[in-house]
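Let's have the full structure, built from the sequences with the hints guiding it.
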Amino acid sequence: MRELNLVLNAKAQGLLHRTFDFRFRAFAKDLASILIFGGFIIGMFFVGRTATIYLLNQAYIGQFLFHRFLSMILYLLFVTVNLGNVIVCYATLYRSEEVTFLMGLPISHGNIFLAKFVDNFFHSSSTLVMLGMAMLLGYGSVFNMPWHFYFLTMFAVVLPFMLIAGLIAVMTLMALIKVAARIGIRWLLTLSVGTYLLAVYGYFSLTNPVGMMQEVMKQFPNVHGYYAHLDPAFSAFLPNHWVTEFLYWSVNGNNARALPYLLTLNLVFVGLLVSAGLVARRIYYRSWLAASDARATRGPTISIPAGGILEFGSKRIFRPVADAILRRDIWLFVREPGQWLHVVVMVFILCASLVSIDSLNLKSSRPLFQMLSFLGIFLFNGFLVASVALRFVFPSVSLEGETFWCVRSSPVDLNRLYWQKFLGLLAVVLVVGETLVVVSGRVADFNPDLVTLAVVSMAFVALTLTSLHMGGGAYFADYKERNAIRVASSQGASLTFLLSIFYIMVTVTILWVAANQYFEALILRKTPPSTWLSWPVAFIGLISLLASIATTWLGVRCFRRDY
Amino acid sequence: MIELRNLVKKFGSFTAVDDVSLRLGKGEFFGFLGLNGAGKTTTIKMMTGLFEPTSGSCWINGHNVHTEPMLAKRSTGYVPDQPWLYDKLTGREFLYFVGGLFSMQSGVLRERIGEMIELLEIGGFVDRRGEEYSLGMRQRIVLTAALLHDPQVLIIDEPIVGLDPRSARLIKDLLKLKSRQGTTVFMSSHLLEVVDELCDRIAIIKNGHIIYEEMRDGSRIHNGKLETMFLELTR
Chain V
1 MRELNLVLNA
11 KAQGLLHRTF
21 DFRFRAFAKD
31 LASILIFGGF
41 IIGMFFVGRT
51 ATIYLLNQAY
61 IGQFLFHRFL
71 SMILYLLFVT
81 VNLGNVIVCY
91 ATLYRSEEVT
101 FLMGLPISHG
111 NIFLAKFVDN
121 FFHSSSTLVM
131 LGMAMLLGYG
141 SVFNMPWHFY
151 FLTMFAVVLP
161 FMLIAGLIAV
171 MTLMALIKVA
181 ARIGIRWLLT
191 LSVGTYLLAV
201 YGYFSLTNPV
211 GMMQEVMKQF
221 PNVHGYYAHL
231 DPAFSAFLPN
241 HWVTEFLYWS
251 VNGNNARALP
261 YLLTLNLVFV
271 GLLVSAGLVA
281 RRIYYRSWLA
291 ASDARATRGP
301 TISIPAGGIL
311 EFGSKRIFRP
321 VADAILRRDI
331 WLFVREPGQW
341 LHVVVMVFIL
351 CASLVSIDSL
361 NLKSSRPLFQ
371 MLSFLGIFLF
381 NGFLVASVAL
391 RFVFPSVSLE
401 GETFWCVRSS
411 PVDLNRLYWQ
421 KFLGLLAVVL
431 VVGETLVVVS
441 GRVADFNPDL
451 VTLAVVSMAF
461 VALTLTSLHM
471 GGGAYFADYK
481 ERNAIRVASS
491 QGASLTFLLS
501 IFYIMVTVTI
511 LWVAANQYFE
521 ALILRKTPPS
531 TWLSWPVAFI
541 GLISLLASIA
551 TTWLGVRCFR
561 RDY
Chain B
564 MIELRNLVKK
574 FGSFTAVDDV
584 SLRLGKGEFF
594 GFLGLNGAGK
604 TTTIKMMTGL
614 FEPTSGSCWI
624 NGHNVHTEPM
634 LAKRSTGYVP
644 DQPWLYDKLT
654 GREFLYFVGG
664 LFSMQSGVLR
674 ERIGEMIELL
684 EIGGFVDRRG
694 EEYSLGMRQR
704 IVLTAALLHD
714 PQVLIIDEPI
724 VGLDPRSARL
734 IKDLLKLKSR
744 QGTTVFMSSH
754 LLEVVDELCD
764 RIAIIKNGHI
774 IYEEMRDGSR
784 IHNGKLETMF
794 LELTR
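In order, the protein sequence lines correspond to chains V and B. With the working numbering, the residue at position 523 of the first sequence is 523, and numbering never jumps. Every position in the second sequence, counted from 1, becomes a number in the working numbering once 563 is added.
Simulated from the structure, these hints should not be mistaken for laboratory data. For every residue, glycine included, the Cβ atom is placed at its ideal position computed from N, Cα and C. Accuracy of the hints is not assured; some may be wrong.
[Unchecked claim] Taking lysine-lysine pairs in the DSS-like style, the calculated list, with each CA pair at most 25 Å apart, reads:
1) Lys741/B to Lys589/B
2) Lys739/B to Lys589/B
3) Lys589/B to Lys480/V
4) Lys788/B to Lys769/B
5) Lys29/V to Lys480/V
6) Lys735/B to Lys589/B
7) Lys735/B to Lys788/B
8) Lys769/B to Lys573/B
9) Lys573/B to Lys651/B
10) Lys651/B to Lys315/V
11) Lys29/V to Lys573/B
12) Lys573/B to Lys480/V
13) Lys651/B to Lys178/V
[Claimed, not checked] Cβ pair distances, simulated, as ranges:
14) Thr100/V to Leu737/B: 48 to 54 Å
15) Met130/V to Glu695/B: 37 to 43 Å
16) Gly600/B to Tyr285/V: 55 to 61 Å
17) Met103/V to Leu796/B: 37 to 43 Å
18) Gly686/B to Asp562/V: 35 to 41 Å
19) Leu198/V to Gly687/B: 45 to 51 Å
20) Glu695/B to Ile543/V: 47 to 53 Å
[Claimed, not checked] If the Cβ cut is set under 7 Å, some of the chain B residues that face chain V in the computed set are:
21) Thr611
22) Trp647
23) Leu664
24) Ser666
Laid out in structure tokens, this is it:
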């Protein structure tokens with residue numbers, strides 16, 4: 001225990017020094033972060049509150065369905081935190097130089113494991129916890145819950161819930177590393193991705209949200225009843241179910257029925273923590289050695305086909321510098337399993353979202369419904385594009401890494417290099433965004449005028465999100481961090497993502513005013529005014545261009561600063 | 564070939580390099596000495612465009628490194644103290660990459676890589692990935708990359724640390740040869756015997772100031788007692 005305290009204490013000291021840095025630049029940066037985070041925390045409070053009031057009082061779906069939908073969101077969160085921890089823990093528990101250093105000291109392996117797990121969990125999940133707390137406050141305020149409800153829910157329900165996801169992740173990871181030595185890393189990765197996708201697909205197939213909603217709505221107006229017989233049997237074993245059952249019974253004032261769920265969550269958490277400690281004592285060191293061996297005894301390098309167009313030394317496609325950078329970026333990307341694995345996951349999410357839009361059957365002749373669908377789908381597409389930008393654009397500058405010395409000391413025009421990276425990434429984000437808009441527009445059978453509005457707006461959104469994430473990535477660049485996923489989950493990345501969400505909300509608000517004008521005309525059987533399409537596009541364009549210019553200027557400046 | 568004029572670098576209130584001026588001629592082999600944290604690497608980083616000076620200027624081959632960086636860097640080869648490579652690229656791919664950054668013609672580049680592989684004896688590992696290299700292997704790949712475009716100025720930060728005796732001899736001979744062929748070599752090192760053996764002239768930096776600089780008339784003031792003099796001056 002003393003060893004664990006020492007390691008955690010050293011980490012806490014480092015964190016304190018970073019947090020309480022009162023030099024002007026650091027202080028200004030921290031103040032800006034606090035203001036932006038604070039703004040979003042307040043925003044999330046209102047989102048939580050408004051969504052709860054809307055669903056319960058206007059959409060009138062009833063408390064049972066409301067908490068079941070919340071449970072589904074929590075399930076997705078659970079899987080995301082779990083998968084995120086598997087990926088990030090691999091970097092921190094198995095590839096970190098700090099672990100290599102600690103392994104050489106007389107410290108028990110179990111304690112090294114616990115110290116790194118705690119560090120890792122709070123590094124990657126603190127933003128989620130803060131925003132979750134704000135939403136919880138918004139939710140609880142609708143039911144006028146007392147202060148101790150929030151305290152209890154945050155620390156005895158939400159935190160154990162997320163820690164359970166993290167603990168399962170690290171135990172899975174240790175097992176995977178052991179198995180990897182036998183079946184090979186590629187098979188293992190494929191199997192793991194398949195398992196996660198199956199877990200999501202299986203959950204929603206068995207839970208059948210549409211069927212559940214239809215069954216509850218048959219009881220209308222008695223939608224506030226407790227229809228637990230509609231739950232599939234397996235859901236009783238899931239942590240997301242325990243959280244929502246605790247919330248359901250708490251807001252209904254039945255503490256006796258809420259308490260068992262709280263106890264279950266905490267008992268499972270403690271059980272998993274003890275198990276993880278024991279498993280770590282037994283296999284962490286051996287799995288760390290296995291991972292080190294695997295790195296030291298690699299198979300043959302993925303060979304570049306001789307004479308292939310992308311082979312280093314083959315005929316250049318572009319000017320020498322641009323060509324060298326392009327080939328480097330392509331090969332560094334395809335040889336890093338974490339990168340293409342995330343591409344596969346992202347493509348799956350994008351396809352799944354399009355299939356979901358199709359299955360929602362939004363082909364409606366009711367103008368109001370069409371308008372809501374249009375705005376909702378645009379908003380959703382915007383979030384997806386922002387996620388792609390966060391994951392692949394934001395880390396692009398940091399991934400220059402410590403080998404950036406090589407580029408910086410060469411006769412390379414850094415402005416041009418920044419623009420080259422920017423244009424390549426913009427092309428990717430633009431293709432993703434426009435594909436989503438066009439396909440979802442066709443699937444939902446929107447009027448061609450609306451699709452045109454969405455296509456043009458998405459072009460501006462793609463431009464702004466790329467500029468914002470590239471500029472943010474340059475401003476918060478961490479050349480020492482080799483793991484793209486950790487870069488994309490850093491505090492700077494969270495801030496940039498929150499800013500991009502704010503920008504998307506502004507864009508959707510402008511579109512809402514335009515769409516409102518259009519559909520009002522349709523309802524009144526008039527022709528929409530000729531300016532309904534041009535002025536919102538001009539307004540979105542102006543905001544987007546200003547945001548893009550500002551963030552690109554910042555990005556280029558930061559890209560050139562002392563390395 | 565290299566000129567530093569009143570170079571100053573401040574990090575907040577800390578002055579890392581304070582009013583450093585130096586002048587190196589063609590083919591000169593210059594040793595830059597100093598204790599840890601004296602300002603050697605900061606000076607080198609300003610000479611290679613990695614740091615911007617707070618005031619003063621660096622000139623390479625008649626070009627200001629910060630106002631005409633492309634021209635200055637084109638004639639410079641740089642070997643950093645930490646030879647970072649791309650983990651996922653092989654040594655050969657890294658050399659092609661660096662050749663591209665210096666806009667070398669494809670045919671010339673291929674030929675030059677072949678020659679350099681022979682010269683630096685890196686054929687045994689040049690097709691393995693960066694993540695598989697030892698420190699010494701990395702240093703040899705980075706030195707190869709620095710010499711690829713046949714620079715007129717070579718700036719080297721700690722070139723011998725981590726090398727086995729055979730590799731160290733190979734590199735020392737190569738650097739001496741390059742100097743004789745007219746390349747100006749600016750070398751920072753802690754290894755006094757290496758500096759004594761290779762350099763025509765030395766300077767010692769302490770707390771950001773040059774505290775000792777040998778004249779350019781070829782006379783060696785330390786006269787074989789470099790260690791004694793260094794310890795005395797840096798006390």
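A quick look at each hint next to the structure:
Of the supplied pair hints, the one linking lysine 741/B and lysine 589/B holds, its CA atoms being roughly 11 Å apart against a limit of 25 Å. Between lysine 739/B and lysine 589/B, the direct Cα distance comes to roughly 13 Å. Compliance with the 25 Å bound is thereby established for this hinted pair. Among the hinted pairs, lysine 589/B with lysine 480/V is inconsistent with the structure: their alpha-carbon atoms are about 36 Å apart, more than 25 Å. Annotation: proposed proximity of lysine 788/B to lysine 769/B holds, straight-line Cα distance about 19 Å (limit 25 Å).
The hinted pair formed by lysine 29/V and lysine 480/V meets the criterion: a straight-line CA distance of about 20 Å does not exceed 25 Å. Restraint check for lysine 735/B and lysine 589/B: the C-alpha separation of about 19 Å stays at or below 25 Å, so the hint holds. Simply put, lysine 735/B and lysine 788/B have alpha-carbon atoms about 20 Å apart, close enough for the 25 Å limit, and the pair holds. The suggested pairing of lysine 769/B with lysine 573/B holds, with an alpha-carbon distance near 15 Å, which does not exceed 25 Å.
With a C-alpha separation of about 36 Å, the suggested pair lysine 573/B and lysine 651/B falls outside the 25 Å cut-off, and the hint is violated. Distance restraint check for lysine 651/B and lysine 315/V: the Cα-Cα separation of roughly 22 Å lies within the 25 Å cut-off, and the hinted pair is therefore satisfied. About 21 Å separates the Cα atoms of lysine 29/V and lysine 573/B, which keeps this hinted pair within 25 Å; it holds. For the proposed pair lysine 573/B and lysine 480/V, the alpha carbon gap of about 23 Å is at most 25 Å, so the pair holds.
Distance restraint check for lysine 651/B and lysine 178/V: the Cα-Cα separation of roughly 24 Å lies within the 25 Å cut-off, and the hinted pair is therefore satisfied. The supplied range of 48 to 54 Å is broken by threonine 100/V and leucine 737/B, whose beta-carbon atoms lie about 33 Å from each other. A beta carbon spacing of about 41 Å between methionine 130/V and glutamate 695/B agrees with the range 37 to 43 Å that was offered as a hint. Taking the beta carbon of each, glycine 600/B and tyrosine 285/V are about 36 Å apart, not inside 55 to 61 Å as hinted.
Methionine 103/V and leucine 796/B have their C-beta atoms about 41 Å apart, which keeps the hinted 37 to 43 Å range intact. Against the hinted window of 35 to 41 Å, the Cβ-Cβ separation of glycine 686/B and aspartate 562/V comes to about 37 Å, which satisfies the hint. Distance hint for leucine 198/V and glycine 687/B: a CB-CB separation of about 46 Å, consistent with the stated range 45 to 51 Å. Checking the proposed 47 to 53 Å range against glutamate 695/B and isoleucine 543/V shows it holds: the Cβ atoms sit about 49 Å from each other.
At its closest, the beta carbon of threonine 611/B sits 4 Å from a beta carbon of chain V; the interface hint therefore holds under the 7 Å criterion. This hint holds: tryptophan 647/B has a C-beta 4 Å from the nearest C-beta of chain V, less than the 7 Å allowed. The closest approach between the C-beta of leucine 664/B and any C-beta of chain V is roughly 4 Å, which is under the 7 Å cut-off, so the hint is satisfied. Residue-level restraint check for serine 666/B holds (minimum Cβ-Cβ distance to chain V is 4 Å; threshold 7 Å).
Hints 3, 9, 14, 16 from the list above are not met by this structure, while the remaining hints are.
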